[in-house]
Each structure stands twice: as structure tokens, then as C-alpha cells.
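S.K.: Position 116 of the sequence shown, counted from 1, bears residue number 116 in the working numbering, the numbering being contiguous throughout.
No wet-lab data here; the hints were simulated from the structure. Given the structure is predicted, the values throughout are model-derived calculations rather than measurements. Do not take every clue at face value.
[Said to hold, decoys possible] What follows is a list of derived Cβ distance ranges for each label pair:
| no. | residue 1 | residue 2 | range |
| --- | --- | --- | --- |
| 1 | 81 | 13 | 19 to 27 Å |
| 2 | 128 | 11 | 18 to 26 Å |
| 3 | 77 | 38 | 18 to 26 Å |
| 4 | 1 | 36 | 43 to 51 Å |
By construction, the Cβ of each residue, glycine as well, lies at the ideal position given by its N, Cα and C atoms.
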Amino acid sequence: MTLQEFFDILAANPAPVLIYFILLPVAAAIAGSLTTREEARQNPWKYFYSALVYMSSVPGIMALVLCVYTLFFERQRSLLEVNALVYFLPIIVMIATLLLINRKADMRHIPGFRRLSGLLMMLAVTFIAILIIQQTRIWVVFHGSVVYLFGLFIVLFVAFYLGWNKLFSPSDEDDSDKGTTYRVD
Numbered sequence: 001m002t003l004q005e006f007f008d009i010l011a012a013n014p015a016p017v018l019i020y021f022i023l024l025p026v027a028a029a030i031a032g033s034l035t036t037r038e039e040a041r042q043n044p045w046k047y048f049y050s051a052l053v054y055m056s057s058v059p060g061i062m063a064l065v066l067c068v069y070t071l072f073f074e075r076q077r078s079l080l081e082v083n084a085l086v087y088f089l090p091i092i093v094m095i096a097t098l099l100l101i102n103r104k105a106d107m108r109h110i111p112g113f114r115r116l117s118g119l120l121m122m123l124a125v126t127f128i129a130i131l132i133i134q135q136t137r138i139w140v141v142f143h144g145s146v147v148y149l150f151g152l153f154i155v156l157f158v159a160f161y162l163g164w165n166k167l168f169s170p171s172d173e174d175d176s177d178k179g180t181t182y183r184v185d
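Whole structure, please, built from the sequences with the hints as guidance.
M.R.: And the structure:
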């Protein structure tokens with residue numbers, strides 16, 4: 001099964017996709033009405049907001065990468081011919097969900113990432129890597145299907161996440177709360 005076949009299946013059965021993408025901003029709006037900014041920092045709510053961020057950002061960034069790929073690299077098709085449910089709805093829902101979450105919860109306090117821009121960049125790089133692997137036909141050697149491609153996405157995402165944290169984490173940690181520090185002047 002190719003990605004195009006997977007998108008054709010989604011287009012043939014739009015009800016689950018629509019329900020998923022309608023529930024994300026609705027859940028963010030309901031959570032926003034039930035919590036204050038201080039409560040959004042506390043345990044059950046910050047993990048709920050984190051799940052909503054990931055559940056909206058992964059399909060949204062994938063759709064954004066697909067739109068850019070279709071616009072610049074695919075000569076047979078234009079963006080006017082693609083399925084709006086697969087290409088544009090995830091982007092709109094991602095933006096709406098992130099805006100709703102940002103009204104109540106400070107993104108710095110949501111676990112899983114330090115900055116939203118870092119998460120979105122990391123997802124974009126992962127999807128670009130998957131797209132390159134699929135388009136270069138390297139994956140055909142291993143007889144991979146979309147399920148295996150999704151598994152490779154998870155592995156690459158975790159690898160990029162760990163690499164991103166190692167690369168951009170501060171090397172000089174503040175040791176003031178760990179006891180006595182010695183300074184050479």
C-alpha cells in the first residue's frame with residue numbers, strides 16, 4: 001500500500017477522519033473552558049493538552065509537507081486537484097487547536113517539548129525524511145507497506161527528538177540548586 005492508496009482510502013471513508021478532526025478543537029475548547037491558566041499547568045491537564053498538541057500537529061505538519069511537496073515537486077497534479085480532507089483540513093485543525101490551547105495553557109509548561117516551534121520543525125524534518133525514503137524507492141527493497149513506513153516514522157521521530165535535545169539543550173546547567181558551586185575568577 002502506498003501513501004496515495006492510503007489517502008484514497010481516507011477519502012473514500014471520510015466519516016472517521018472528519019470526526020477525528022472535529023473532536024480535536026472541540027476537546028481543546030472544552031478543556032479551555034474547564035480550566036484556569038494555573039490549572040492547565042498541573043498534572044492531569046498538562047498531559048491532556050500535550051496529547052492534543054501532538055494529535056493535531058502530527059497530521060497538520062504531514063499535510064503541510066504534502067502540500068509543499070505537491071506544489072513544488074509533483075508535476076502531474078496541482079493543489080486544486082487534491083482531496084481537501086487529507087491536504088487542507090489537518091492544517092486548519094492544527095492551527096485552530098493550537099490557538100485554542102494557547103489561550104489557556106502556556107506552551108512552555110506542556111510536557112514533551114520546550115518550544116512549539118521545535119516540535120513543528122522536528123515533525124517537518126521527520127516527514128521530509130520519510131517522503132525522501134518513499135520517493136527514492138529505497139523502501140521497496142525491504143518490501144515495506146504503509147504500516148512499516150509509519151513504524152519508521154516513529155523510530156525517526158524518536159531519533160530526531162533525542163538528537164534535537166542533545167544538540168540544543170544547554171550544556172551549562174544551573175547548579176545553584178544542587179549545593180555549593182565553585183567559581184574560578
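S.K.: None of the hints should be skipped; say for each whether it holds.
M.R.: The hints, checked one at a time:
1. 81 with 13: 19 to 27 Å: Holds, at about 20 Å.
2. 128 with 11: 18 to 26 Å: 23 Å, holds
3. 77 with 38: 18 to 26 Å: Distance hint for residue 77, residue 38 is violated at roughly 49 Å.
4. 1 with 36: 43 to 51 Å: 46 Å, holds
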